[in-house]
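Trainee: Here are the chains, one letter per residue:
Number of protein chains: 2
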Amino acid sequence: MNYDVFYPPSIKSALENDPPGAWIPDVPQGCIRLSAGYPAAELVPTLQLGASIEALLAEEKDLPLQYIGSHRAVMLRDWIRRRLMARNMPVAETELLVTAGGIQAIDLIARVLLDATATVAVEAPTYMEALEIFQNYTRNIITIPVDERGMCTVQLEQMLQQRAENGLPLPRLVYTIPSFQNPTGSNLPLERRRHLLELAETFDFLILEDDAYGELSFASDPATLKSLDGHGRVLYVGSMSKVLGPGLRIGWTVAPAELIQAINWFKKDLDHAFVEASISTLLTRLDWNQHLTSLRNAYRRRRDVMLQALDQHMPETVTWHVPDGGYFIWLQLVGVDTGALLNEALQAGVSYVPGQYFFVKKEQGRTFLRLSFSSVGEQDMVEGVRRLADLVRTRTLEKKGV
Amino acid sequence: MNYDVFYPPSIKSALENDPPGAWIPDVPQGCIRLSAGYPAAELVPTLQLGASIEALLAEEKDLPLQYIGSHRAVMLRDWIRRRLMARNMPVAETELLVTAGGIQAIDLIARVLLDATATVAVEAPTYMEALEIFQNYTRNIITIPVDERGMCTVQLEQMLQQRAENGLPLPRLVYTIPSFQNPTGSNLPLERRRHLLELAETFDFLILEDDAYGELSFASDPATLKSLDGHGRVLYVGSMSKVLGPGLRIGWTVAPAELIQAINWFKKDLDHAFVEASISTLLTRLDWNQHLTSLRNAYRRRRDVMLQALDQHMPETVTWHVPDGGYFIWLQLVGVDTGALLNEALQAGVSYVPGQYFFVKKEQGRTFLRLSFSSVGEQDMVEGVRRLADLVRTRTLEKKGV
Numbered sequence: 001m002n003y004d005v006f007y008p009p010s011i012k013s014a015l016e017n018d019p020p021g022a023w024i025p026d027v028p029q030g031c032i033r034l035s036a037g038y039p040a041a042e043l044v045p046t047l048q049l050g051a052s053i054e055a056l057l058a059e060e061k062d063l064p065l066q067y068i069g070s071h072r073a074v075m076l077r078d079w080i081r082r083r084l085m086a087r088n089m090p091v092a093e094t095e096l097l098v099t100a101g102g103i104q105a106i107d108l109i110a111r112v113l114l115d116a117t118a119t120v121a122v123e124a125p126t127y128m129e130a131l132e133i134f135q136n137y138t139r140n141i142i143t144i145p146v147d148e149r150g151m152c153t154v155q156l157e158q159m160l161q162q163r164a165e166n167g168l169p170l171p172r173l174v175y176t177i178p179s180f181q182n183p184t185g186s187n188l189p190l191e192r193r194r195h196l197l198e199l200a201e202t203f204d205f206l207i208l209e210d211d212a213y214g215e216l217s218f219a220s221d222p223a224t225l226k227s228l229d230g231h232g233r234v235l236y237v238g239s240m241s242k243v244l245g246p247g248l249r250i251g252w253t254v255a256p257a258e259l260i261q262a263i264n265w266f267k268k269d270l271d272h273a274f275v276e277a278s279i280s281t282l283l284t285r286l287d288w289n290q291h292l293t294s295l296r297n298a299y300r301r302r303r304d305v306m307l308q309a310l311d312q313h314m315p316e317t318v319t320w321h322v323p324d325g326g327y328f329i330w331l332q333l334v335g336v337d338t339g340a341l342l343n344e345a346l347q348a349g350v351s352y353v354p355g356q357y358f359f360v361k362k363e364q365g366r367t368f369l370r371l372s373f374s375s376v377g378e379q380d381m382v383e384g385v386r387r388l389a390d391l392v393r394t395r396t397l398e399k400k401g402v
Numbered sequence: 001m002n003y004d005v006f007y008p009p010s011i012k013s014a015l016e017n018d019p020p021g022a023w024i025p026d027v028p029q030g031c032i033r034l035s036a037g038y039p040a041a042e043l044v045p046t047l048q049l050g051a052s053i054e055a056l057l058a059e060e061k062d063l064p065l066q067y068i069g070s071h072r073a074v075m076l077r078d079w080i081r082r083r084l085m086a087r088n089m090p091v092a093e094t095e096l097l098v099t100a101g102g103i104q105a106i107d108l109i110a111r112v113l114l115d116a117t118a119t120v121a122v123e124a125p126t127y128m129e130a131l132e133i134f135q136n137y138t139r140n141i142i143t144i145p146v147d148e149r150g151m152c153t154v155q156l157e158q159m160l161q162q163r164a165e166n167g168l169p170l171p172r173l174v175y176t177i178p179s180f181q182n183p184t185g186s187n188l189p190l191e192r193r194r195h196l197l198e199l200a201e202t203f204d205f206l207i208l209e210d211d212a213y214g215e216l217s218f219a220s221d222p223a224t225l226k227s228l229d230g231h232g233r234v235l236y237v238g239s240m241s242k243v244l245g246p247g248l249r250i251g252w253t254v255a256p257a258e259l260i261q262a263i264n265w266f267k268k269d270l271d272h273a274f275v276e277a278s279i280s281t282l283l284t285r286l287d288w289n290q291h292l293t294s295l296r297n298a299y300r301r302r303r304d305v306m307l308q309a310l311d312q313h314m315p316e317t318v319t320w321h322v323p324d325g326g327y328f329i330w331l332q333l334v335g336v337d338t339g340a341l342l343n344e345a346l347q348a349g350v351s352y353v354p355g356q357y358f359f360v361k362k363e364q365g366r367t368f369l370r371l372s373f374s375s376v377g378e379q380d381m382v383e384g385v386r387r388l389a390d391l392v393r394t395r396t397l398e399k400k401g402v
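Heads up: the sequence lines are chains B and W, in that order. The opening position of the first sequence corresponds to residue 1 in UniProt numbering, with each subsequent residue numbered one higher. The opening position of the second sequence corresponds to residue 1 in UniProt numbering, with each subsequent residue numbered one higher.
A portion of the hints provided could be inaccurate.
A pair counts as met if it fits within one copy or between any two copies, since identical chains are not told apart.
Within a straight-line C-alpha distance of at most 35 Å, the following computed DSBU-like cross-link-like pairs (lysine-lysine) qualify [to be verified]:
{"#": "1", "residue 1": "K362", "residue 2": "K12"}
{"#": "2", "residue 1": "K399", "residue 2": "K362"}
{"#": "3", "residue 1": "K399", "residue 2": "K361"}
{"#": "4", "residue 1": "K12", "residue 2": "K399"}
{"#": "5", "residue 1": "K12", "residue 2": "K361"}
{"#": "6", "residue 1": "K361", "residue 2": "K61"}
{"#": "7", "residue 1": "K61", "residue 2": "K12"}
For the record, the hints were derived by calculation from the structure and aren't laboratory data.
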């Protein structure tokens with residue numbers, strides 16, 4: 001039977017894109033997984049979670065397994081609001097929605113703001129999962145260059161001015177990961193943050209701030225766009241995925257109450273009372289600042305190990321910037337097609353994510369790749385970088401005809 | 001700031017409906033909650049879940065908290081497939097998608113099949129959450145009468161024929177709860193099931209079969225539409241909400257692989273590895289058939305208690321049918337506006353769901369209400385029915401001018 005005839009045009013159009021997760025390399029057993037943006041196993045508070053759930057069920061019995069009634073699940077919202085307040089983001093109850101991960105929050109925001117006629121702007125490169133989402137709604141995606149200090153807001157301004165002058169549609173939404181960006185690791189300086197907020201007022205767009213890595217700084221804490229926003233322009237997305245564990249599927253979005261109400265209209269997985277109550281209980285038993293300090297120290301150390309390995313093993317044609325937080329290092333390999341190289345790398349026992357997946361125009365990412373220093377142990381990480389460097393060197397030599 | 005200007009027309013239209021959950025009564029503390037379609041507290045295997053999670057985390061450590069890697073989470077799919085097979089629904093891996101509850105599955109199916117130009121058909125009355133979902137996509141909702149034996153398929157056929165003759169759009173999707181329907185408790189006989197499947201072929205529509213209550217039969221097990229479907233017309237939705245607990249948010253949909261792929265395209269909360277692995281572990285420790293038998297016996301007994309209380313206390317103007325499974329009894333109260341009565345009932349200490357919420361045309365539900373016998377203990381249930389009966393009797397007497 002042909003089901004195509006049942007799909008509305010907008011769905012048919014979305015189904016023409018690459019399928020979800022096309023970027024995930026098919027990593028063989030035993031391969032060193034520098035592709036994975038996962039927390040380190042030893043930094044996931046597994047035992048505390050188990051103990052918390054035991055305490056929760058002893059206290060609340062079946063309530064966290066029902067639709068409503070779990071006090072602990074409700075308390076998660078209070079915890080998140082206190083945490084946001086501590087980061088200069090005072091938020092009313094009606095301005096917060098807990099979601100099943102940050103990605104769902106991005107999808108729900110796209111759902112209420114975008115259709116096939118809408119224009120959205122994203123960084124180039126940007127988070128491939130967000131790109132997948134926006135491509136489900138519209139083909140009108142414009143891109144803003146990113147350098148080692150994040151989104152080039154001057155270029156954004158020029159582009160918006162030109163579009164306005166030429167009568168081209170302006171973006172309704174600008175998606176950005178200002179702090180320790182995925183994939184570049186770049187951190188937007190304060191003056192660019194302020195500039196972006198000014199542009200939102202001038203050109204009347206909303207900003208989707210993805211702050212998945214904002215608390216994982218190795219130096220000073222960046223001020224979120226949300227904390228600087230005086231005009232209700234920012235829709236903020238946070239997540240437990242990088243600071244607790246992604247399999248829990250807990251994220252949130254903060255926005256003006258009217259937008260939160262609209263977003264919640266379309267959230268049909270409902271509240272995940274059991275997981276929310278479990279995490280809420282865990283958070284009463286965890287010193288969050290101490291937990292964050294452990295994460296920062298551990299990931300800073302891993303970053304340093306990876307940087308050292310890169311310095312030691314990579315040929316000079318390969319370049320990168322030092323990230324001040326987050327999970328990733330973004331490599332440029334002059335003259336190497338990282339998409340074509342991936343299979344060889346997997347055979348050589350190391351995985352990465354080819355740059356192409358982080359761009360709307362894939363060819364822009366041809367010579368880039370993303371490495372993650374978050375999840376692999378130090379020894380393996382060094383060995384993974386060495387394997388990759390060997391491969392790159394061979395490839396570069398081949399090119400030179402040696 | 002006015003955010004309306006940022007919404008696409010389809011979203012603006014959806015936001016004109018009642019907000020989600022408008023049907024949920026604002027139940028005061030201590031009120032007897034005959035409105036709640038929850039499992040009984042003592043039938044939720046809370047302790048076994050706690051023990052299962054302890055075992056899971058000892059075995060798999062951080063893996064269930066990561067994106068992928070939990071063997072137990074994967075095993076849930078196998079368990080569901082074995083269970084479907086036992087109910088004469090052999091299903092390939094590619095034909096199953098685990099969702100965050102049955103409601104999400106309904107929403108995702110609506111997402112890939114409906115837009116503002118599409119027509120969908122639903123039972124009248126039908127599940128109010130499903131109605132909310134369809135109304136988010138289209139205003140073209142046609143309704144099929146339900147009697148004590150479920151959807152009136154003969155009337156559906158007549159309507160479809162008339163629409164075809166008059167050049168009116170035919171539904172792309174027919175949503176039904178054939179077994180122990182919410183809210184009527186009716187069970188579609190085999191001949192109507194076969195008739196509906198024939199109509200799908202003749203009039204070229206797909207069927208969304210919501211089987212949330214299918215395993216909670218008090219007599220014989222009905223054959224699902226999916227098990228009778230020889231032509232790939234049925235998209236099946238199942239759920240753990242009524243047989244384990246809704247706060248876990250575990251459901252699934254079964255459909256031809258092509259449709260499952262399309263549905264998954266838009267599922268952006270990703271896989272809930274932790275909950276899936278937890279439930280999967282629980283299921284290895286639970287004798288499912290025995291668990292179902294306990295549920296059936298307990299809910300049958302509660303149904304009987306409610307029926308007896310209704311017989312004893314309700315005036316003769318109130319009528320109902322005896323459900324052979326599920327959670328609900330559907331009352332008709334001649335001459336009583338159940339929406340208007342609700343506040344008094346809540347003050348008298350009993351809650352129900354007014355009939356209006358189960359209909360596209362709300363006035364059709366004016367004299368109906370839904371009672372749930374699933375979650376309230378026997379004594380409270382009898383007392384709740386007595387309170388409601390007292391109120392109804394007063395109201396009826398008032399009408400008669402006594």
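Trainee: Now look at each hint and say whether the structure bears it out.
Mentor: Comparing the hints with the structure gives:
When the C-alpha separation of K362 and K12 is checked against a cutoff of 35 Å, the pair qualifies both within a copy, at 21 Å, and between copies, at 34 Å. For a Cα distance limit of 35 Å, the shortest separation of K399 from K362 inside one copy, 22 Å, qualifies, whereas the shortest one across copies, 73 Å, does not. Within a single copy, K399 and K361 get their C-alpha atoms as close as 25 Å, which meets the 35 Å cut-off; across copies the closest is 71 Å, which misses it. Proximity of K12 to K399 under the C-alpha cut-off of 35 Å is found in neither arrangement, the shortest distances being 42 Å within a copy and 56 Å between copies.
Taking identical chains as interchangeable, the C-alpha atoms of K12 and K361 lie at most 35 Å apart whether they share a chain (21 Å) or sit on different chains (32 Å). For a Cα distance limit of 35 Å, the shortest separation of K361 from K61 qualifies neither inside one copy, at 52 Å, nor across copies, at 40 Å. Neither within a single protomer nor between protomers do K61 and K12 lie at most 35 Å apart by alpha-carbon distance, with minima of 46 Å and 41 Å respectively.
Going down the numbered hints, you'll see the structure goes against 4, 6, 7, while the others check out.
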